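Student: Chains D and G supply the protein sequences, listed in that same order. In this text, residue positions in the first sequence follow the working numbering: the first is 1, and each later residue adds one. In this text, residue positions in the second sequence follow the working numbering: the first is 115, and each later residue adds one.
Think of the hints as simulated: they come from the structure by calculation, not from any bench. Predicted model only: the values in this text are computed from it and were never measured. One or more of the hints may lead you astray.
Derived DSS-like pairs: lysine-lysine, alpha-carbon spacing no greater than 25 Å straight-line [claimed, not checked]: (1) G:K156 x D:K9; (2) G:K171 x D:K9; (3) G:K226 x G:K182; (4) G:K136 x G:K226; (5) G:K171 x G:K136; (6) G:K172 x G:K182.
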Amino acid sequence: NAGVTQTPKFQVLKTGQSMTLQCAQDMNHEYMSWYRQDPGMGLRLIHYSVGAGITDQGEVPNGYNVSRSTTEDFPLRLLSAAPSQTSVYFCASRTGTLSTYEQYFGPGTRLTVT
Amino acid sequence: GENVEQHPSTLSVQEGDSAVIKCTYSDSASNYFPWYKQELGKRPQLIIDIRSNVGEKKDQRIAVTLNKTAKHFSLHITETQPEDSAVYFCAASRGNAGNMLTFGGGTRLMVKP
Numbered sequence: 001n002a003g004v005t006q007t008p009k010f011q012v013l014k015t016g017q018s019m020t021l022q023c024a025q026d027m028n029h030e031y032m033s034w035y036r037q038d039p040g041m042g043l044r045l046i047h048y049s050v051g052a053g054i055t056d057q058g059e060v061p062n063g064y065n066v067s068r069s070t071t072e073d074f075p076l077r078l079l080s081a082a083p084s085q086t087s088v089y090f091c092a093s094r095t096g097t098l099s100t101y102e103q104y105f106g107p108g109t110r111l112t113v114t
Numbered sequence: 115g116e117n118v119e120q121h122p123s124t125l126s127v128q129e130g131d132s133a134v135i136k137c138t139y140s141d142s143a144s145n146y147f148p149w150y151k152q153e154l155g156k157r158p159q160l161i162i163d164i165r166s167n168v169g170e171k172k173d174q175r176i177a178v179t180l181n182k183t184a185k186h187f188s189l190h191i192t193e194t195q196p197e198d199s200a201v202y203f204c205a206a207s208r209g210n211a212g213n214m215l216t217f218g219g220g221t222r223l224m225v226k227p
C-alpha cells in the first residue's frame with residue numbers, strides 16, 4: 001500500500017493564480033481531510049469528507065474548494081491564490097469504522113504564493 | 115467549536131530526564147485525544163492516542179493521561195533520548211463524528227545529550 005499520497009511536493013504560485021492539490025489513498029478509507037500548517041503552528045482543518053459525494057467545511061475553508069467523486073481521491077482547489085495561503089498542506093484519511101480513529105497523513109505539499 | 119491549548123511551547127530537558135506536555139480542551143463531547151510527533155519537514159506521526167473511556171495509556175517510554183472532568187490530558191515521556199527532540203502536537207476530536215481534529219499549538223522538545 002502506498003498509503004496517502006500528495007502531489008506536488010512543492011509549488012510556487014503568483015497571486016491570483018489557481019491550482020489543485022492532489023490527494024489519494026489506497027486504504028479504502030471513508031474519511032478524508034485537508035489541513036494547513038503555518039510556520040510554528042498546529043494544523044488547522046480546511047475541509048473534510050465522510051464519503052464519496054459528501055464534503056463539509058472545517059475551521060478555515062475560505063478560498064478553497066473540494067470535491068469527492070471517488071473514495072480514493074480528494075483534491076483541494078485554490079480558487080485565486082493569495083500570499084496568506086502560503087503554507088504546508090496535509091491530506092489525511094481514516095477508516096469510517098469505530099475500531100480505530102487513527103488518521104494517516106500524506107507527506108504534505110509546500111505552497112508559496114508570491 | 116473545539117479549542118485546544120497546549121503548554122509549554124518549548125521544553126528543554128537533559129537526556130534521561132522526563133518530559134511532560136499538557137493540553138486542555140473545551141468541547142465536552144470530544145472523545146479521542148491523539149498525540150503527534152513532527153520532525154522538521156516531515157508529516158505528523160501518531161505516537162499514542164487515548165479514548166475518553168480510558169484514563170491512562172502507556173506504550174514503552176510514552177504515556178498519556180486523561181482527566182475528563184477537568185478537560186485536560188498530558189503526554190509523559192520518560193528516559194528521554196536525543197532522538198525524542200521534535201515538535202509534539204496534541205489534538206482532540208469527536209472520533210465517531212468524522213475527521214475533525216483540532217490541534218494544539220505544539221511543543222518544541224529539545225533533549226540535550
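Student: Of the hints stated earlier, which fail here?
Tutor: Numbers 2, 3, in rising order.
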